[in-house]
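**Q** Chain residues, written in single-letter form:
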Amino acid sequence: MKPFDWSYTTDYKGTVTRGKPFEVQRENAEPIPIELLKRPDPILFFEEVVLFESELDDNGISVLSCKLRVMPDRMLLLCRQFMRLDNVLIRIRDTRIYVDFNLGKIIRDYTEREDDFDKVKKVQSTSLIPLYFSGSFELLVGFTTTQSFD
Amino acid sequence: MSFNGPLDEAYPTPAAADKSTVSHVQKGFKISARKLPISKSGPIDEMSKKLGIPVPEMIFGDNMVSIEHMASGWRLEFNAYDALDQVDKTDKNMLKVAYSKEWSSSRCGSS
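So the sequence lines, in the order shown, correspond to chains H and Z. Here the first sequence is numbered in this note's numbering, starting from 1 and rising by one per residue. Here the second sequence is numbered in this note's numbering, starting from 1 and rising by one per residue.
Bear in mind the hints are in silico, worked out from the structure with no lab data behind them. We treat Cβ as the ideally placed atom computed from N, Cα and C, and that holds for glycine. Certain hints may be false.
Unchecked claim - Ranges between beta-carbon positions, derived for each pair:
(1) Phe-46/H - Lys-19/Z: 15 to 25 Å
(2) Pro-40/H - Gly-28/Z: 18 to 28 Å
(3) Met-70/Z - Lys-2/H: 34 to 44 Å
(4) Ser-20/Z - Leu-78/H: 19 to 29 Å
(5) Gly-28/Z - Leu-36/H: 16 to 26 Å
Hey, can you work out the whole structure from these sequences and the hints?
**A** Structure below.
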């Protein structure tokens, strides 16, 4: 069998099946307005869809799933890959798609985080927050791209 | 068309795919999600062949989420095939499992 990255780590940020691709923001990258997403707006539509999952031959897990919530004026889609190679490494790759319906603007944010298994495990056991929400991960890559409609 | 297998091999049928898709329209954007059972062996083999790598044990090849800007037709989709197509198909980013650390030094090179 040919070698390949059997952890199924992917830098997938979605597929534009029609229309123009996202534009990379080189300067003054506009971040996703987290504050607006924290507001208790009613959630009109929510879905969670798993795309693939592997137990890595019983050595951990690699799962790619999408979660989205639609509010009256905006929506957020999170496509997350969570990969844990037992006793070696934890890796998270997030693509967030934020849509402002009124402005016709879409912000795409992509981040790669990973850390040694032992380090994350220590944080996890002391702080009791879910492993994948731990802020201890080293941010490796993060950039934002946008798309707008008139 | 192949006559080796059942004639209704195509799965999911377009109708089933339609039925499993839920959508919500909000201010000119159509947001959709499709949830179907795990892929069957036929589509898995086909996908594996096209990708050039074995696919994960649990593959939801027919699932997707999408965001469409209805006026322009612009559409963004997330699906398993395209995600797996971005997986490194060389040995450049191969990880080693924990127990292999001890003996990997003696087994460098291709497997």
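**Q** Does 16 to 26 Å hold as the CB distance between Gly-28/Z and Leu-36/H, or does it fail?
**A** holds, 19 Å
**Q** If you check the beta carbons of Phe-46/H and Lys-19/Z, does the distance land in 15 to 25 Å?
**A** holds, 20 Å
**Q** Take a look at whether the Cβ-Cβ distance between Met-70/Z and Lys-2/H falls inside 34 to 44 Å.
**A** holds, 43 Å
**Q** Within 18 to 28 Å or not, the Cβ separation of Pro-40/H and Gly-28/Z?
**A** Holds, at about 24 Å.
**Q** Given the range 19 to 29 Å, decide if the beta-carbon distance of Ser-20/Z to Leu-78/H lies inside it.
**A** holds, 21 Å
Going down the numbered hints, you'll see the structure goes against none, and every one checks out.
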